[in-house]
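Engineer: Under full-length UniProt numbering, the residues of the sequence shown are numbered 1 to 143, in order.
Everything labelled a hint here was simulated from the structure, so no lab data went into it.
Keep in mind that a hint or two might mislead.
[As the list claims (entries may be wrong)] Ranges between beta-carbon positions, derived for each pair:
| no. | residue 1 | residue 2 | range |
| --- | --- | --- | --- |
| 1 | A131 | L32 | 40 to 48 Å |
| 2 | A131 | D56 | 47 to 55 Å |
| 3 | T69 | A104 | 19 to 27 Å |
| 4 | P29 | P7 | 23 to 31 Å |
| 5 | A80 | T106 | 26 to 34 Å |
| 6 | T113 | L79 | 28 to 36 Å |
| 7 | G47 | K77 | 31 to 39 Å |
The beta carbon of each residue, even a glycine, is placed where N, CA and C say it ideally should be.
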Amino acid sequence: MAMNFDPFRELDRMTSALLDSRQGPQLMPMDLYRDGDHYVLAADLPGIDPGSVDIDVDGQLLTVRAERTMRTAEGVKWLAQERRGGSFLRQLSLGQGVDTEHIAATYENGVLTVTIPVSERARPRKVEVVAGGSSGRQHAVEA
1 MAMNFDPFRE LDRMTSALLD SRQGPQLMPM DLYRDGDHYV LAADLPGIDP GSVDIDVDGQ
61 LLTVRAERTM RTAEGVKWLA QERRGGSFLR QLSLGQGVDT EHIAATYENG VLTVTIPVSE
121 RARPRKVEVV AGGSSGRQHA VEA
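Using the sequences provided together with the hints, build the complete structure.
Structural biologist: Right under this line is the structure:
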């Protein structure tokens, strides 16, 4: 198998490996958005065993942990070894407007998706306005 050798890419990889003083968990890239009455967190975790993913809710703090173990083969000569193993960690403060009892998660195609429902109290609702006086008409006003 032929490999293209790029000395600058190799130098960049070696420099970042030497200068990376972080010994703790790595961050996982994620997107977070609101879709109707729930929030969706989508985190990239390719190569993760779904059994290693741990999601905890402590009060209003959501913690996502995952572990990637690298397969090691004895007696092989590495041509390239750029994938990192280790722990991944992400913590989010959820705030008061979410339903922490009904958080759900799925893992598919290397993406962890966590669905966080908005609590009933934080959802938009109609408030009925009762007009004073003798007409007795009522109007609905959106809050």
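Engineer: Evaluate each hint against the coordinates.
Structural biologist: Each hint, compared with the structure:
Taking 40 to 48 Å as the suggested C-beta distance range, the pair A131 and L32 conforms, at roughly 42 Å. At roughly 50 Å, the beta carbons of A131 and D56 sit within the given window of 47 to 55 Å. T69 and A104 have their C-beta atoms about 26 Å apart, which keeps the hinted 19 to 27 Å range intact. Between P29 and P7 the C-beta distance comes to about 28 Å, which sits within the given range of 23 to 31 Å.
Distance hint check: the CB atoms of A80 and T106 are about 32 Å apart, consistent with the given range 26 to 34 Å. Under the hint 28 to 36 Å, the C-beta atoms of T113 and L79, about 34 Å apart, fit the expected range. Our hint of 31 to 39 Å for G47 and K77 is violated, since their Cβ atoms are close to 22 Å apart.
Of the numbered hints listed earlier, the single one contradicted by the structure is hint 7.
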